[in-house]
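Engineer: The primary structure of each chain is shown beneath.
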Amino acid sequence: MWVLAALVVWLGAWALNVWLSHSALVTSRVGRLVVPAIFGVTVLLVWEFVVLGLKVPGVILPPPSAIWTRIISSLDLLARDFNQTFVKGALTGYAIGCGAAFLTAIAIDRSEFLQHGLLPIGNFVAALPIVGIAPILVMWFGFDWQSKAAVVVVMVFFPVLVNTVAGLAASERMQRDLMATWGASYWQSLVKLRLPAAMPFIFNGLKIATTLAMIGAIVAEFFGSPIVGMGFRISTEVGKLGLDMVWAEIAVAALAGSAFYGVVAMIERGVTFWHPSQRVK
Amino acid sequence: MRSVLPIVTVLAVILALWYAAVVWMNAQWVYDQAARAKVEVTFGQMVGETMNLERPVLPAPHQVFGELGRSVFGMAVTSKRSLVYHAWVTISATLLGFAIGTVFGILLAVGIIHNRAMDLSVMPWAIASQTVPILAIAPMIIVVLSSVGVTGLLPKAVISAFLSFFPVLVGMVKGFRSPEQMQLDQLATWNASAAQVFWKLRLPASMPYLFTSLKVGIAASLVGAIVGEMPTGAVAGLGARLLSGSYYGQTVQIWAALFAAAAVAAVLVMVVGGLERATLRRMGMAA
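The listed protein sequences correspond, in order, to chains A and B.
Under my numbering, the residues of the first sequence are numbered 16 to 296, in order.
Under my numbering, the residues of the second sequence are numbered 94 to 380, in order.
For the record, the hints were derived by calculation from the structure and aren't laboratory data.
As the structure is a prediction and not an experimental result, all values here were calculated from the model.
Computed spacing ranges between beta-carbons, pair by pair:
(1) L256(A) with K131(B): 49 to 55 Å
(2) S286(B) with K255(A): 52 to 58 Å
(3) A280(A) with A371(B): 34 to 40 Å
(4) F156(A) with V360(B): 27 to 33 Å
(5) A280(A) with L247(B): 33 to 39 Å
(6) Q274(B) with G157(A): 57 to 63 Å
(7) Q138(B) with A94(A): 51 to 57 Å
Ideal Cβ positions, reconstructed from N, Cα and C, are used throughout, including at glycine.
All chains, full assembly: derive it from the sequences and hints.
Structural biologist: Put into structure tokens, the structure is as follows:
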């Protein structure tokens, strides 16, 4: 019965979306938001109905309604985990890592030799499974948030470094020559020409780093943490088969990750308003 | 090849810093031991000691590479202490997951470029899902799948597939859309069907995008497989080596597993890069 309902909801919503995406509405802003929203709601409804219909036990896949009640009933616990993992671990590490990468990029920018040496290594390290250093850093910095921040620092460092160095090379020869003819010093040309020109690249790195920061902070907690934190909660609740709590934490993590990304993207829009990719279409 | 000298220099500096850090981080332990045994150690003795501790805070490079050599070449590859065995467990999960993820990514990309409703409803979620820390749900996937009777390679491969899926999807949608309007119009004037446009224009044009996203995807797959091995209770695989090393304080073992993982990642990315060069050259697209 419920499975049938799920099927009906799916087909109905799909037909609605097909109709919407061929109607005139889709060219407007609202239409562009409505179609994916309908799709998201449909997925949640189908999930709910299928779980009810097939009587899937809650220890395998809890229905969205159960997850929602769990979120509402344990808001303060979620808030404490969020504070521990995101605010203390991820944000601190993100700030330190991105700052260090930025300064390093400016430092090696002056030396051709260092660029030739560091960039291939930086590119190589950026492809490595860096989360693997989490157990080592947990050993060095203890179980509290400092070790999580350290993991995040290492994870975000190389993507931001590589992108910033690429960005500093983005200004054109002609523009740099113009700065030279005006007698601009190295710092003047850096601040007034090359850093603004590098901003699209830098923000690309910063956006990649937001996701990495969340992953680093959560995964590092699997290796040991105080009795608070999103990664800690996920791993212990999985052990207790409290999957509704696990999904609640995941929902919070997804929300925090998207919001974090969104904030960085908004700052980007403000800073690089001149770039073609930001022009209003 | 003019970049060889700078790279070697930087590597040498890193190695020197590493040795310096070994002395600095392990010194406390050596002094404590000496104080307990009531002997005085000179600075020279202390430096010598820090290089060869059994459970150092930071193992020296030669210890790590010694352990790496022992566990790669010194044992039968079927032995549970051989890193080749563990690396193979991880690689097989990585490749299986990578294959699943790539196939799904490409299929979904084909659907998205041909169906407007799918494009509008799936694509925003695919992009939004990249901001979600998917690795965080790895332990749950493992437990859930094992509770319904799926164990072994597949749960890890599912996580790998999850991670490699999105780069491939996003890259392929971009790639399938990369032909210019003029080229599409040309095929239209030749009365080409949608399938013909796909096979003769869109697919070949998407190749550079495909390989770029495959390189990102395979690195992500490996991370997924390693993290997927952690909550299963450290049975086999590089992730399991990391976890058991962290439980028992075997720092040398952790570092050896870490370097093995780095080597595996480098080899996998290089293989994809080699395939890319060969394919693009055959197609006359090589730069």
